[in-house]
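Peer 1: Sequences listed follow chains A and B, in order.
The first sequence maps to residues 1 to 317 in our numbering.
The second sequence maps to residues 318 to 648 in our numbering.
Any given hint could turn out to be false.
Unchecked claim - Pairs of lysine-lysine, DSSO-like flavour, derived with a Cα cap of 30 Å:
| no. | chain 1 | residue 1 | chain 2 | residue 2 |
| --- | --- | --- | --- | --- |
| 1 | B | K429 | A | K169 |
| 2 | B | K459 | A | K204 |
| 3 | A | K61 | B | K601 |
| 4 | B | K606 | B | K383 |
| 5 | B | K429 | B | K564 |
| 6 | B | K601 | B | K337 |
| 7 | B | K564 | B | K383 |
| 8 | B | K564 | B | K601 |
| 9 | B | K564 | B | K459 |
Don't read these hints as lab results, they were simulated from the structure.
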Amino acid sequence: MMLDRPDQGGEVPARGDARTKLTMGPVLFNWDPKVWRDFYYTIADQADVDSVCLGEVVCSKRAPLFAPHIPAVIERLRAAGKEVVLSSLALIMAPREMDQMRELAATDEFLIEANDISVAALLEGRDHGIGPFVNVYNEGTLGFLAARGARRICLPTELPAGAINALQKFSAELDTELEIMVFGRLPLAISARCYHARSAGLHKDNCQFVCGQDSDGLVVDTLDGDPFLAINGPQTLSASYLSLAAEIQALQAMGIRRFRLSPHSMDMVKVADVFRALTTGTIDGEEAGTRIAEISGSVATCNGHFHAASGCRSLCL
Amino acid sequence: MTGAAAMELVCPAGTPASLKAAVASGADAVYLGFRDDTNARNFPGLNFSRAELEENLDYAHGRGCKIFLAVNTFPAAGDPGPWHRAVDDAAALGVDAIIVADIGLADYATRKHPNLRRHLSVQASASNPESIRFYQRSFGVKRVVLPRVLTIPEIAALNREIEVETEVFVFGGLCVMAEGRCSLSSYVTGQSPNTNGVCSPASHVQYTSEGDRLISRLGDFTINAFEEGEPAGYPTLCKGRFCAGGKTSYLFEEPTSLNAIGLLSELREAGVTGLKIEGRQRGKAYIAKVVKSFRDAIDAMERGEVIAPADLSSLTEGGENTTGAYERAWR
């Protein structure tokens, strides 16, 4: 199949191209469709990223809301030379959802990222991606999926450096690229139950799309008032924002050449600039931290999982 | 798969004493794990050594009860040895099935021990027909333990589309998140169900008194606070009280247990084969009472009788129970 990779155009870089790539992950939140569209337009026109994921990952009820804008968004991204990646749902239960995923998997024009093993199964034998919602913890699973066409795997966010290093060493022998999420609220859990609806005293079937009111999720505080988690429909995220800014160099030293930024309502073009500058070595982790604080309004950040500690921790190297 | 024969009651055991209680109380199968992080109930003082498994296999088999070994955490990168040894030993000792979640481990078991029966753990979160067919086609799994996300009509529809047996949880602790896809515990404690086989581990729990209130904490976070006289539940982090949108509530789930004893005939109609009781961390008295209640209910159903479900409220968390995702309104 033809993958929509910009680097398959006129200038074909040598295999093992040293340029580190950035992926803008899929918007996980229920943004107003016009905001959603304009976000992707801005990313297409201004963000220094190589690949852009789109598609509903969290709640199938939202997909029809922004669907009318998808063709124009794809066109804009492609015109800007970005690789378009279509992300699948993470939790597939209803026959209607399964049918949507079969339709997605029938697409041959884009790299499809499977966030559930069912979608990877539908793509078996063709080049595809594996998203961070599929459990790839070890070489056995990585090798099995790679042999069936997984060309790019965004690893689960709870993996520590040692596991990432071992998997990167293993994947160097395969035609499969590993991607590490380095920025954004951590996707911690997904459920059949909608917590946004529950928090508003509503039922999922009549949720009134209350999740649309919280563009970065609704923060969940402890009884002491400490920000703890954030809910996004049936998804639970961390209240803190993952930032592996200070760890980019270590990841690059392992051989990781692709990093994922997860979209939030802050200026993601500037966030991408920070991570680009990190990957090219023009700024260090400390400078990046300062810039991210400026861009984000000083959100709390965390990096514990990388350091084999509680994920909520923010540890110094 | 639909139209199965008699339903099978699958019961937990964390110790040889619990196993014997389950067998004596009418378990058709007992599931258990080795004493390490290869299984999802890796709690201090629980689980079986190789010698204990060997001895108890004979005990159970002599009484017509099967033994399933859960090897259902995800092997660590760079160190698959403990998981591979668990599968090898399960095959050598002659367990009736292994319960696995990881694709790589399922692949290992399929290649190394093709005749060892494989069940897919709930931790694999196989919630739809394409996922289940993938595990059947790739690893010949004979049974899938369904994640606690599906309604009974959805289970029935699923069973019409697949050719393997399904097993569902009917009693005990209730994950409100899709199993195997939750890193809340590792976010707070660094210990996760997927990699360490624990959730909200006791080693990270603290209770402190503040005036008349008892505060429960997990890691750095307050999970709940109890007024005097209010029963203080264990701070499983998805069953805590939190504040969101200006309201304080049990946002994810109340402290409650799953109890589907009133839904057994619907589950049979939906084509379910295995009825699973959660609770390898529970004591033998608990196991005996729950297993006996379900045995009686299943036997009565098979005889076509209707009996009043046993009152198990003393055995549920906070005395509360729910039918969970089996009823659509739970969502």
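Peer 1: Is the straight-line distance between the alpha-carbon of B:K564 and that of B:K459 30 Å or less?
Peer 2: violated (46 Å)
Peer 1: Under the criterion that the straight-line Cα-Cα distance not exceed 30 Å, is the pair A:K61, B:K601 satisfied?
Peer 2: violated (45 Å)
Peer 1: Would the hint linking B:K606 and B:K383 be met if the CA-CA limit is 30 Å?
Peer 2: This hinted pair holds, its Cα atoms lying about 20 Å apart.
Peer 1: Compare the distance between the alpha carbons of B:K459 and A:K204 with 30 Å, and conclude whether the hinted pair is satisfied.
Peer 2: Given that 30 Å is the threshold and the Cα spacing comes to 33 Å, the pair is violated.
Peer 1: Are B:K429 and B:K564 close enough, with their CA atoms no more than 30 Å apart?
Peer 2: violated (54 Å)
Peer 1: Next pair to validate is B:K429 with A:K169; report whether the Cα-Cα distance is within 30 Å.
Peer 2: Holds: B:K429 and A:K169 sit about 25 Å apart, inside 30 Å.
Peer 1: If you draw a straight line from the CA of B:K564 to the CA of B:K601, is it 30 Å or shorter?
Peer 2: Between B:K564 and B:K601 the Cα gap is close to 40 Å, so the pair fails against 30 Å, i.e. violated.
Peer 1: Do the alpha carbons of B:K564 and B:K383 lie within 30 Å of each other, as the hint requires?
Peer 2: Violated, at about 48 Å.
Peer 1: Assess, step by step, whether the Cα of B:K601 is no farther than 30 Å from the Cα of B:K337, and give holds or violated.
Peer 2: OK: B:K601 and B:K337 at ~8 Å, within 30 Å.
Comparing the model with each earlier hint shows violations of hints 2, 3, 5, 7, 8, 9; every other hint is respected.
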